[in-house]
Amino acid sequence: MGRYVIRRLLQMIPVFFGATLLIFLMVNVMGDPIAGLCGERQCDPATAAQLRKEFGLDKPVWQQYLTYMGNVFTGDFGTAFNGQEVTELMAEAFPVTIRLTIVAIVFEIVIGITLGVITGLRRGRPVDTGVLLLTLVVISVPTFVTGLILQLLLGVDWGVIKPAVSPEAPFNELLIPGLVLASVSLAYVTRLTRTSIAENARSDYVRTAKAKGLPRRRVISRHLLRNSLIPVVTFIGTDIGALMGGAIVTERIFNIHGVGYQLYQGILRQNTQTVVGFVTVLVIVFLVANLLVDLLYAVLDPRIRYA
Amino acid sequence: MRGAAHARWAACAVAVALTATACGGGGSGGGGADGIVSSSWGDPQNPLEPANTNEVQGGKVLDMLFRGLKQYDPKTGEAKDMLAEEIDTTDSTNFTVTVKDGWTFSDGEKVTAKSFVDAWNYGANLKNNQKNAYFFGYIEGYDQVHPEQGRPTAETLSGLKVVDAKTFTVKLSQKFSTWPDTLGYAAFSPLPSAFFSNHAAWLSKPVGNGPYVVESYAKGSKMSMRKWDGYPGSDKAQNGGVDLNVYTDNNTAYTDLTAGNLDLVDDVPASQLKNVQADLAGRYINTPAGIIQTIAFPFYDKAWNTPGGAKVRTGLSMAINRQQITDTIFHKTRTPAKDWTSPVLGVDGGFDDSLCGDSCEYNAAEAKKLITEGGGIPGGRLKLSYNADSGSHKEWVDAVCNSINNVLGNDRACVGNPVGTFADFRNQIGQHKMPGPFRAGWQMDYPLIQNFLQPLYYTNASSNDGKWSNPEFDKLVDDANAESDNKKAVETFQKAEGVVRDQMAAIPLWYQNGSAGYSDRVSNVSLNPFSVPVYNEIKVN
Amino acid sequence: MPERYDPDEAVAPTGAGGVMDLATSEGETLEKLPGGPKGTGPAELDPSAPSGERARSLWSDAWRDLRRNPIFIVSGLVILFLVVISIWPSLIASGNPLQCDLAKAQEGSQPGYPFGFNGQGCDVYTRTVYGARTSVTVGVCATLGVALIGSVFGGLAGFFGGASDAILSRVTDIFFGIPVVLGGLVLLSVVTSSTVWPVIGFMVLLGWPQLSRIARGSVITAKQNDYVQAARALGASNSRILLRHITPNAVAPVIVVATIALGTYISLEATLSFLGVGLKPPTVSWGIDISSASPYIRNAPHMLLWPAGALAITVLAFIMLGDAVRDALDPKLR
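Chains as they are written, first to last, in the numbering used here: chain A, 48 to 354; chain B, 55 to 595; chain C, 48 to 381.
If we strip away everything but chain A, and leave its shape as in the complex, we get (with noise of 0.2 Å):
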């Protein structure tokens, strides 16, 4: 187990490496930050050159990212245009979007693993199709169109929950966009519990279980989820990296001064510091995401040992 866990943390320093070139790449293709700065005119080539020589934009790009590694390792994740530092930026947008994901993430695990369960074990009735459907709705309508729709029926033509969220964002305001950011993995979850409950439902454990006249809920809870839940915590596992950085439409919508805000104006005023840092973070966030996921496999089925 600890040399399996050491072995997967040595193969995320290649992953992590090429992800941050990758999106410091994809940042730099954007071209020079510097002309937005200035507002409707051309920026003085005088003060232009000063800025670009600050940030380092006046270097070959490998030497930008081998600078700009050399810093994130010593702490420094360099400052944003408007004189902030992007670790202070962090330390106000991560709180944010980490509450909003574990809103998410309740969601998907209450109603999406419930509602599974429901229909993986009525399949083909009624109420299986009826949340198949809505599943698919779901699935099929864009974010950003759910979004704006409940934001104008509950936050305005009911006033039953504030329409933007407030800066310091509690759990009780982001209720509804966690629902919003959760709603299209909620679906996935849902189908995903279903199928994988039907297909066990069928298999010989079960019946054997049953056949030794153990209660149902027993049969359900002990037997048929645990060995279900493999697939959907693979997919939550997965999704936390998703969701934290995927909600740059959620958090617009609904105002959140999140990890989506930020890395959206970062990618408007092309600030390559801010981006780079945050999708730095999210790949790390992401890569132990999966490690954790790996290990937990083990707890839900105990066949499976790490050497």
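In case anyone wonders, no lab produced these hints; they're calculated from the structure. Be aware that one or more of the hints could be misleading.
[Said to hold, decoys possible] Chain A is nowhere near these chain B residues, computed Cβ spacing over 10 Å in every case:
1. V171
2. K181
3. A187
4. A208
5. K215
6. K220
7. Y285
8. D412
9. A419
10. D443
11. R555
12. K593
[Said to hold, decoys possible] With a Cα cut of at most 20 Å, we get these calculated DMTMM-like pairs of lysine to aspartate or glutamate:
13. B/K328 with C/E154
14. B/K181 with A/D105
15. B/K259 with B/E163
16. B/K276 with A/E139
17. B/K225 with B/E269
18. B/K386 with C/E154
19. B/K328 with A/D204
20. B/K386 with C/D148
21. B/K521 with A/E87
22. B/K215 with B/D172
23. A/K100 with B/E202
24. C/K151 with B/D381
25. B/K181 with A/E101
26. B/K276 with A/E135
27. B/K259 with A/E135
28. B/K487 with A/E87
29. B/K259 with A/E139
30. B/K448 with A/E87
31. B/K276 with A/E215
32. B/K448 with C/D148
33. B/K154 with B/E139
34. B/K487 with A/D79
35. B/K422 with C/D148
36. B/K521 with A/D91
37. C/K151 with B/D465
38. B/K365 with B/D303
39. B/K487 with A/D91
40. B/K225 with B/D145
Only a predicted model underlies this, so the values are computations on that prediction, with no experimental measurement involved. Positions of the beta carbon are idealized from the N, C-alpha and C atoms, including for glycine.
Fit chains B and C to the supplied structure of chain A, relying on the hints for placement.
Below, chains B and C alone, put in the same frame as chain A:
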């Protein structure tokens, strides 16, 4: 705001049960308590230094935080003395400035001549990366502190001299008779010594000499300004303070206003203009601002710089149904342009609603004729570029193109060309890569006709993005600047503007109004000619 | 769309990944159970097996199933209809989608214009019909590209294993670490072309690792099967084993995930337009229309309703098709 009062209470009960959100603040909702106005805001792009702020969001803060030598009247735009006791000149080149007594910064430091000279020297120095440094470009010695290339050879502007605590002199490098009227711009604000001694601390909680003080500033999300009780000026704050809340999307800000969580939105999105009457019951203002939108042309591209080009450009101008677009898309928050300046200048200031004449009137037949005579649209297709990341540009660009297409009877003659980010848009302009005409917007820095013409159309001027060049225009501008009689100067500028018209250097589209909506908690809301809310006059009911 | 991460070398041989392809996803764990039913499915269906039952292949079974499945029939008909109007939109719409009259902006339904007009005064009906071509092209081409590149790389990595596999798996990790919407914002903001190809190219670039991982997983599963070992023992060449024995048995999960991904690509195009980096005019697409109509949802919901409805129905049809195909290809769910 559609729900009846009891429905709101029912909803509140539900909300409390669900989320423990408090539904206090009275039936009318609104932001803070105790006379605090909550207002929408955008994250300023640059650090909040006066000479480094070149967009309206940072400008809002500076407007509350600083008072300069001059202040533009919130209604007329006229430059009036604020901290200046008098600004004297005999030759339009050497000015003597006397600062009024009794002004202090909110940290207690006195505002003296030195406060100004130090601030201006800081703003002009290349080392400080101030994006508005060019404002000091008329002052003698600018080339030494801010050379085109290389390092500065001087630390301070040689044209600035402190005479005593109250007085300093300014020497310009050229004649500029209306120069004192530019001093209301935020870049010319005085700065306290704390700005220089502990810069980082100042940036995280700026200190100025205006009617408000910064109580707290959470970068990227919120700034709380409070009334400064010791403010010596006559324009004291009429409210307890202003909370500026950052919104990424002005649609969300507007939604928040209608839901009663916000008091003031100073940029109502075009898509919501149809609803303002129903939503806000008249709590909506729509006043002219010193902003004009135009279509600029890439004159560096030979295809667009032909002898017949002026005809094509005039034809295109006449193919745009401005009235219909401003009515339908913008619900009269823009006014069809009749010249290249702005109505806020007033007739005396150089605004002339007959200057463009027929060239700016929709006339399908004539437009088609002119475009054909001029050799048609270069390349057969007009790609009108705009940045897609802000503003409601897509809507009007599509409408302009449809208007041109309908005139020419060709549904692909004009297409919008969105550019993902503003930075990239500016880059393509700067590197002369624009594949055709592009949107241009100009918000005046100070209400002078000079500001609408020289930076935009003078050869190689900083905002002459299309690289238009015309010796006749340049000469008229030079003459006008040297003219000491204001009336004659304006007339000469208008002659120069006539050259712009004859060549159709840029197509004027419309004057942009400032539009704002507010909640029933506040009153006496107005916008100044820079489309910034006059915060200090807002009253909380 | 995120997908199942497989703990690669840790649990060899691991199953296929993929959101929906659970049929094969955990074969290896269950095989260890006495009489485990998994893994035997494909073995029975080796198309090259020299038995007289050749006609009863996986595909003919699946086809027989599908023909009786109402979900398949309905979704198939919808897709057929979409393809037809994508090729000949003028069959059912006589107007010009680029012909707009601002005077009619936001007007509702009226004779000759059943869906009303959009914010620019263009006919919503005509634009919805003409938008089908773009959206279907984006969906189909992106899916084809992703499936092709993904299954070739993933399949080869899974088949050969070793260093090539390790490198490929790390490369897919790199692409997975970057959120899709973010990648779109960054990459597509520099594009100036107004055709659909940059958008498709972007989707392929960020989409292929997902399918590659699924293909790799299912090839690894198929590789372990007895008939492959047998073919190898008989001296069959690598290419023959790969083409004749493994591909037919490993392709099912790829098809299933691809049909679902197709729906999400169409939806993603709309999201990209919402963020201002999607398709550009004069291209007509549902994504452009949905995003430009969404701010007006209060005043003129019809402008949003029709293209969004068309998008939802299309995505729904492809997902249901994928679902039906998945069920038909899974022998245990018959």
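Hint by hint, here is what the structure shows:
| no. | hint | verdict |
| --- | --- | --- |
| 1 | V171 | holds (21 Å) |
| 2 | K181 | violated (8 Å) |
| 3 | A187 | violated (6 Å) |
| 4 | A208 | holds (14 Å) |
| 5 | K215 | holds (25 Å) |
| 6 | K220 | holds (32 Å) |
| 7 | Y285 | holds (27 Å) |
| 8 | D412 | holds (28 Å) |
| 9 | A419 | holds (34 Å) |
| 10 | D443 | violated (5 Å) |
| 11 | R555 | holds (21 Å) |
| 12 | K593 | holds (25 Å) |
| 13 | B/K328 with C/E154 | holds (13 Å) |
| 14 | B/K181 with A/D105 | holds (17 Å) |
| 15 | B/K259 with B/E163 | holds (16 Å) |
| 16 | B/K276 with A/E139 | holds (12 Å) |
| 17 | B/K225 with B/E269 | violated (38 Å) |
| 18 | B/K386 with C/E154 | holds (19 Å) |
| 19 | B/K328 with A/D204 | holds (17 Å) |
| 20 | B/K386 with C/D148 | holds (18 Å) |
| 21 | B/K521 with A/E87 | holds (14 Å) |
| 22 | B/K215 with B/D172 | holds (10 Å) |
| 23 | A/K100 with B/E202 | holds (15 Å) |
| 24 | C/K151 with B/D381 | holds (12 Å) |
| 25 | B/K181 with A/E101 | holds (10 Å) |
| 26 | B/K276 with A/E135 | holds (15 Å) |
| 27 | B/K259 with A/E135 | holds (16 Å) |
| 28 | B/K487 with A/E87 | holds (16 Å) |
| 29 | B/K259 with A/E139 | holds (17 Å) |
| 30 | B/K448 with A/E87 | holds (18 Å) |
| 31 | B/K276 with A/E215 | holds (10 Å) |
| 32 | B/K448 with C/D148 | holds (16 Å) |
| 33 | B/K154 with B/E139 | holds (5 Å) |
| 34 | B/K487 with A/D79 | holds (13 Å) |
| 35 | B/K422 with C/D148 | holds (18 Å) |
| 36 | B/K521 with A/D91 | holds (15 Å) |
| 37 | C/K151 with B/D465 | holds (17 Å) |
| 38 | B/K365 with B/D303 | violated (40 Å) |
| 39 | B/K487 with A/D91 | holds (19 Å) |
| 40 | B/K225 with B/D145 | holds (10 Å) |
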